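Visitor: Chains as they are written, first to last, in my numbering: chain A, 1 to 1020; chain B, 1021 to 1564.
One or more hints might be untrue.
[As the list claims (entries may be wrong)] Some chain A residues near chain B, calculated using beta-carbon distances under 8 Å:
hint, residue
1, ARG428
2, GLY564
3, VAL567
4, VAL569
5, ALA676
6, PRO732
7, ALA828
8, THR929
[Unchecked claim] Below, a sample of chain B positions facing chain A; criterion: calculated Cβ distance under 8 Å:
hint, residue
9, TYR1075
10, GLN1113
11, PRO1120
12, GLN1123
13, ALA1125
14, LYS1220
15, GLN1302
16, ALA1304
17, ASN1305
18, GLU1551
[Stated by the list, open to error] Dumping the calculated DSBU-like pairs for lysine-lysine here, alpha-carbon to alpha-carbon at most 35 Å:
hint, chain 1, residue 1, chain 2, residue 2
19, A, LYS236, A, LYS357
20, A, LYS288, B, LYS1388
21, A, LYS625, A, LYS583
22, B, LYS1197, A, LYS746
23, A, LYS824, B, LYS1197
24, B, LYS1174, A, LYS746
25, A, LYS824, B, LYS1126
26, A, LYS779, A, LYS230
27, A, LYS824, B, LYS1541
28, A, LYS824, A, LYS750
29, B, LYS1520, A, LYS288
30, A, LYS695, A, LYS583
31, B, LYS1275, B, LYS1293
32, B, LYS1534, A, LYS824
33, A, LYS695, A, LYS88
34, B, LYS1174, A, LYS824
35, B, LYS1541, A, LYS837
36, B, LYS1126, A, LYS851
37, B, LYS1520, A, LYS851
38, A, LYS585, A, LYS45
39, B, LYS1503, A, LYS824
Note that these hints are calculated values from the structure, not bench results.
Predicted model only: the values in this text are computed from it and were never measured.
Ideal Cβ placement from N, Cα and C applies to all residues, glycine included.
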Amino acid sequence: MKKFLIVIYMLTCVSCGLVMAQTRTVTGVVRDNAGPLPGAGIVEKGLPNNGTVADGEGKFRFALKGTSQVIVVKSVGYLSQEINVAGKNLVEVLLEADTKGLEEVVVVGYGVQKKITNTGAVSSISAAEVRQNPTASVQNTLAGRLPGFTSQQRSGQPGKDGADFFIRGVSSYVSGQRPLIIVDDIEYNYADVAQLDPNEIETISILKDASTTAIYGIKGANGVLVITTKRGRAGKPGINFKSELGLSEMTFKPNFLDAYNAAVLTNQGYINSGQTPFYTEQDLELFKNGTDPYGHPNVNWFDEIFNPTSQQSRTNLDISGGTESVKYFVSLGYLWQNGLMKDFSSASDVNNNYYYKRYNFRSNLDVQATKTLSFRLDMTGRFGETNDPITYSPEGEGLIREVYSYNFLPPFAYAIYNPDGSYGYNPRLNTTNVIGRLATQGYNRSFDNDLNITFGGTQLLDFLTKGLSAKALIAYSSAQTNSRGLVRSGTVNSFPQYSYNIATGAYTPKDPNLYRLPPFNLTSSSGNAQRTTNVQASINYRRSFGDHNTYGLVLLNQNSYIDGPVVPVNYRGLTFRAGYDYKQKYLIEFNAGYNGTDKFAEQNRYGWFPAVSVGWNLAEEKMFKEALPFIDLFKLRGSYGLVGSDFTGSTFAYAYDQIYSSSATSYNFGPSPTNALGITEGTLGNNSITWEKEKKLDIGVDINIFKGRVALTVDYFNNDRYDILTRRESVPAFIGIGLPPVNLGKVNNKGWDGEITFKDRMGEFDYFVRGTFSFAENKVVFRDEAQQRYPWLQATGNPVGQNFGYVFDGFYSETDVTDPSVAKPTTAFRAGDLKYKDLNGDNIIDAFDRKAIGKPNLPSTTLGVTLGFNYKGFNFSALLTSSSGYSLAFASEAISAFTSNFQPIHQQAWTPELGNAAKFPIISRTVSTISAANVSQSDFWQVNARYVRLKTMEIGYQLPAKWVKPIGMNAIRVYANGYNLLTWTNIDKFYQADPEANTGGKISAYPNQRVYNFGLSFSL
Amino acid sequence: MKRYIYVIALAAGCLAACQKNDIEKTPLNQWTEEYVFDEKDSVGDFAKGFLIETYSNLPTGFNRIGGNILASASDDAIASQTSSTIERFTNGQISPFNNPDDQWAKNYTGIRRANIFLANIGKVPFKQSMITEKNYWIAEARFLRAYFYFELVKRYGGVPLLGDRVLTLNDDLSIPKNTLAQCVEYILTECDAIKGALRKDPVSDAELGRATQAAALALKSRLLLYMASPLYNAGATANDPKWKDAADAAREVMKLNVFSLHASFGTLFTTRKNTEVILAFQRANGTDVENNNTPVGYAGPVTANGYTSPTQELVDAFQMKDGKPYNQSALYDPANPYVNRDPRFYLTIFHNGLKWLNRNVETFEGGKDKPGGIVTQTRTGYYMRKFMGDFTSSTVFSSQTHNFMLFRYAEILLNFAEAQNEFSGPDADVYKAIEDIRRRAGLVPFALPLNLTKEQMREIIRHERRVEMAFEEQRFWDIRRWKIAENVLNGSLHGMRITKNGNALVYERYEAAKVSFSAPKMYSYPIPYTEITKNRNLVQNTGW
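My request is simple: use the sequences and hints to build the entire structure.
Guide: Structure below.
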């Protein structure tokens, strides 16, 4: 063997020496119809590493080293061309635009695939589209652009506004529904995606079916989001600079009644509860005329606490370029998002606003060490800084909930400031002054540090057999969050507050012992260092034999994740891919993952995840071509395979073992108490626990017609998830111990997604329209559910996340209350309370009358329309998205009278006159439990939600070259774009919330933001 | 070229080497059953830890139900917060879906722990000097198991008895209920079997808090008393032998001659080691009882949640210090109703004018502790004072012992008096038991009138039990076993509205809460609905 290698080595050297003698230089220029084309890549045929890049004027010059005398010229969006340069020293290359999209590639797992030969379900967009959106988190703008991608943005808080997202809905009724995220072949976690700087991104793909996800095997069942970053190209350094400034505001503003109207309703509530009205006529008069702002304040807390708008800015600088041997892409980014809070704290010299700052850098380096060996070194880092004010809000739920709360911030809560400037206090309410808290209590600031290094090498092994290469890669990432705070010592009440008596002029302190602010304390905490090490080694093969094209991949992958003292998670696996096509007409591909994780017992760690996909390019058939010549691409494809999900969640981690744990108990023997060491039996183990499995079927069609003017892709999928890790629900509690997860749940998830694009050009007017649709509907086929007394109580057969509750059947009238034939709850109620259907007919409304109501909180249908045009230097694009097929329900501070602040809907509460025309149950001080949304959930509170959003819009203008060239610039562009610009929804008829909010009791998340953004970019 | 081959080979070798040992076969930091019941551990260190954890399944008392004490579900108190879960007991909302005091799972967890301990302790090779200790532990585990069954029985009636079985998922888990009689028989047999094997009282300081012989006898006393009571003994005759059994069981504790009433009712609950406590849940020192129940106006320097609002009914139950009911005593002044009361009153209830944290409690309308408006505050004009340390003239709380007493000697005396009176009438022993408690309380005179009838004595005993054991999770069960819940918990509970008129205070009783109790179904708890669905052989209790 060794001898053989030496011989090959010598032969190679000799042959190198031979060809060296023939070196000669070729110069040329690359053009398209419009003129010189910069940036095209030129390589010598047969020597893929001998190449160059056309400069700004389309010119190139390089030395031929091989014998083929042919150069290959490629540029994105153009058909590649081979040119014989024998005998020519100066060539002119005219590239033809790739209108049919036949050369387009899509990023798939561990590689790229030509669109025409791809047989899997993949959707992708270029990151340029994402950059039209000023939101800080990449995923916030993918819904509606990528068919099969569903997202709901639950919070707009700076630094925490990344949307929750899923690929083709959800297929498991326990946690672990989230897709795998791969950035440059390395697994990222969910939080990291939101931190990515869009400026670094080249492409975003989602992998949806078995053939594309099987290579991720045990991690692929929820779909995969694949992101690649930009890399350098040989050529002069290109410098791009971009600066943006934006204004943001809430997508909606809650509208609460003023003090007078709220006091009127308060009195009404007392009367309805059989109590004397709380406020006298004189009180009401004072609320109305506002002459007693201290005794009878009328405060719009929302306006007092929040500014109408806040600011954000983003700055990016990137430099890329290189030589044949070293190429680089270096990017720096800075993002700043300010919160909406008003500035109360200047006096204390602390920043009490929410804010987020992010510093990103990336350096992607490619080194061509020899003709056949190349290395890459990527370094990227993110440093985030998130500021949270110390709000001391009641029950730790934050300001938003407090603003909604009748108990804490009714409009007549207290005067913010007394006449002498001290903080006001209302002894009847006995809460602390919110403005005082925000002004004096300091902040907590958390710092995220996230560093990744990837080092890899590729060795071409053409000397063994043509088309073979080997690749190895090591990636290391480290993430840590620590925080530092400046907080007052003491408790929530640690600042002086006074109630002021306007009649006597007297100030009464809330706490007579407190006459000044206690000093600030510095606090700090540091999170666990989270380290991920990833090692990959692979052999790649790609070769054509005439009309027979083959490719293959074998990849070893190992991943270790360590999070402080938590048990580390290790993953290891082999991945296989083999593909074949004949004339790009008949396509077949096999994919398989063989991988495992040590979350499971030794004998259950590894599994096979095979998938097969086939495709048939009908349009390549002669008869088809002749009959329908305007169809450029007509590809039928299908895939079927098995993938897994090893997500066990923290509660199920290492569930194969039954763990005994020790801790200091709450039990203290002896006269001087000392915590005794106690040992508990942990949840029962299940030695046979293993991954969840999913059989994915996908049938799709890709059609391009009229020279690429129209492109259509439609996919049907049907996924059967089984062996879902779930706790058994049929085991009586007298077993006395927590139950282990068992592989037994089943969920079916099926639906459609696709997109249609139309693009054309009229002279210099380029325009396009693209529509996407995603529809996914799931059903729990089996869960280990005990037999319920009535079939409508059964969760099986309903979608994942189904709500159960009563069925609203009008309001109790006064005659209903005494009518024995009307079903009634066992608890106290009164006329005007919600009346429910008596499902089991026992004339009693109780928990047996609850059935599946509404829909889950995740939209089943997402639609998107993107449209845009370019005209000379102008460009415009807009994305409209729509989500529907989900429900929203709130309770408590969001809607319940006397818990929530009074809202206009409370003025339409039940009265005997209104009867069933009322919009809200009777307002009363003591809410009957059947009308309390937090106790008795019913479809009265469920809104079948839908919304349409103008998610993104951008207008830009590129200054003409003749203006910018003289000042030494390549390009200058000004633009304005926006996020969440317009919203149409049906939920605002009932709730004062954003339609993407998380369903639940109260509204406590920071509201979603609308952003108006202005930017300037230039390149050198 | 060759060097690349070498480089690749070397790299591959490195990778393989790196991977060799960094994945453990199982998480090594996690313990298994073998490690806890170790076949080499001659002192049974970890096995002991397992037993200690079993203790922590005992009732914890105090503000355990959503911040409220169990007494807030009786006629002694109501929750200060409206719409607290505890109200379900008094407004008819309790249901198989919805029981704020559902203790089904907690007690079966305790039973499982005891059974695991008993099943595995034999594996541990105790050295000779540890054998006695080991036998104590086994008896303690059996006691705890019996106690957990008692907690179940008093709530649900008959429940499935598991014996020594440690259930697994492979067992047939459709286990039917045993009858109440079988469950009681089981608990009594266990108590009898272990009473000789448990530690004798008093125990050394290091073992303070362990279940002792007296604990087993006390459990027996309470169980037999319950079973002799009207709820469980409907057809009882005048001198029912069940009352004799109950009286004998109590007398057995008294005969130990180890326990006596602690000298001061005031420090009884904050003294870890005293002569009265038989068994208590051993808590760490803290201020949680003070924090949770101190009148709300003290908030600021201390936490003062004021969760508990004792009722006027309980206040009226406290006699005057001359030992007479308030409406029969010359000492009572309607314009100043809180003076000259039973000294226990001032240690049990915060009333308007009681000094606390250096100022007087203000529960008059608009006072600091009853300011009106929406803030949580007393609904009756009273707060709970019991169990707290003495913070009359402090400014903040200091850490106190707050062990929750499961059995104390005063209860034994009361159990005895009640059972003996029912069985054979108010004899001298009955008189003595009650008078001992009244003497300790500080009543002058403490003596009871002579020649009381059985019925008169019954009322005195029940009344004494109510005030002596207020808020100790006794009344809630007593009104059930006496079958008087349907009377005392139907209608209204009252508070005292105190209006300040210049410097004068005007007192006026008012309805603080409406309550309802639906008999007979509420005399036992519903079995949780999920348990009924999961076990086809489990029959729901009558009425639910």
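Visitor: Just pull the numbers of the violated hints for me, sorted ascending.
Guide: 2, 4, 11, 12, 14, 24, 26, 28, 33, 37
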